[in-house]
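A.B. asks: Sequence:
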Amino acid sequence: MIRIQGLAKSFVGQDGRTVEALRDVDLDVGAHEFLTVLGPSGCGKTTLLKAVAGLVPWDDGDILVDGVPVRGPGPDRSVVFQNFALLPWATVLGNVAFGLRMRGVGRAEREERARALIAAVGLAGFESKLPGELSGGMQQRVGIA
355 MIRIQGLAKS FVGQDGRTVE ALRDVDLDVG AHEFLTVLGP SGCGKTTLLK AVAGLVPWDD
415 GDILVDGVPV RGPGPDRSVV FQNFALLPWA TVLGNVAFGL RMRGVGRAER EERARALIAA
475 VGLAGFESKL PGELSGGMQQ RVGIA
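When the count follows our numbering, it moves up by one through the sequence shown with no breaks and lands on 499 for the last residue.
There could be a bad hint or two in this list.
What the hints assert, rightly or not - Using C-beta positions, here's what the derived DEER-type ranges look like:
| # | residue 1 | residue 2 | range |
| --- | --- | --- | --- |
| 1 | V433 | S482 | 22 to 30 Å |
| 2 | G476 | D430 | 35 to 43 Å |
| 3 | G479 | A385 | 39 to 47 Å |
| 4 | P411 | Q368 | 18 to 26 Å |
| 5 | T372 | A478 | 16 to 24 Å |
| 6 | G421 | A478 | 24 to 32 Å |
| 7 | A478 | V391 | 21 to 29 Å |
| 8 | G497 | E466 | 17 to 25 Å |
| 9 | R467 | P423 | 45 to 53 Å |
| 10 | E466 | A385 | 48 to 56 Å |
| 11 | G421 | T390 | 17 to 25 Å |
Read the hints as simulated data drawn from the structure, not as lab findings.
Ideal Cβ placement from N, Cα and C applies to all residues, glycine included.
Working from the sequences, and respecting the hints, build out all of it.
C.D. replies: Here it is as structure tokens:
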């Protein structure tokens with residue numbers, strides 16, 4: 355059984371702003387129950403799963419697996435990760451513009467075309483974010499762009 359009580363997790367972006375990924379999450383999953391976590395990109399689904407796996411620290415609340423507090427990764431839990439082909443040190447804009455850069459497209463045209471693609475996948479406003487600051491679904495859309 356998994357019990358989550360009052361779970362909260364925030365991130366601080368490169369711009370210094372705090373983004374609240376999880377707030378006061380309560381959830382009980384019984385033994386042999388199957389659960390699907392659904393929601394839009396950026397709503398905290400991956401953060402929640404990583405917290406239950408013990409892969410990310412959280413700000414407040416408790417996670418118990420079979421009555422034992424989660425303090426880090428453990429042999430009783432496993433995770434299947436989403437895979438992306440993004441440069442972790444490059445921004446969203448840099449990742450989307452990379453192919454154009456390699457083809458010798460000038461900076462102004464490259465950025466204009468990359469910004470149009472970023473907007474087309476619904477990520478306008480995230481151009482300066484690094485992949486690690488994005489949800490899994492958002493990273494997937496950067497890869498699509």
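A.B. asks: Each of the hints needs a verdict: does it hold here or not?
C.D. replies: Structure-based check of each hint:
1. V433 - S482: 22 to 30 Å: 28 Å Cβ-Cβ, so the 22 to 30 Å window holds.
2. G476 - D430: 35 to 43 Å: holds, 37 Å
3. G479 - A385: 39 to 47 Å: holds, 42 Å
4. P411 - Q368: 18 to 26 Å: At roughly 19 Å between Cβ atoms, Q368 and P411 fall inside 18 to 26 Å, so the hint holds.
5. T372 - A478: 16 to 24 Å: Holds, at about 21 Å.
6. G421 - A478: 24 to 32 Å: This hint is violated: roughly 45 Å between Cβ atoms.
7. A478 - V391: 21 to 29 Å: Between A478 and V391, where Cβ atoms are some 26 Å apart, the hint holds.
8. G497 - E466: 17 to 25 Å: Taking Cβ atoms as reference, G497 and E466 lie about 20 Å apart, which means the hint holds.
9. R467 - P423: 45 to 53 Å: holds, 49 Å
10. E466 - A385: 48 to 56 Å: With a Cβ separation near 54 Å, E466 and A385 satisfy 48 to 56 Å, so the hint holds.
11. G421 - T390: 17 to 25 Å: holds, 24 Å
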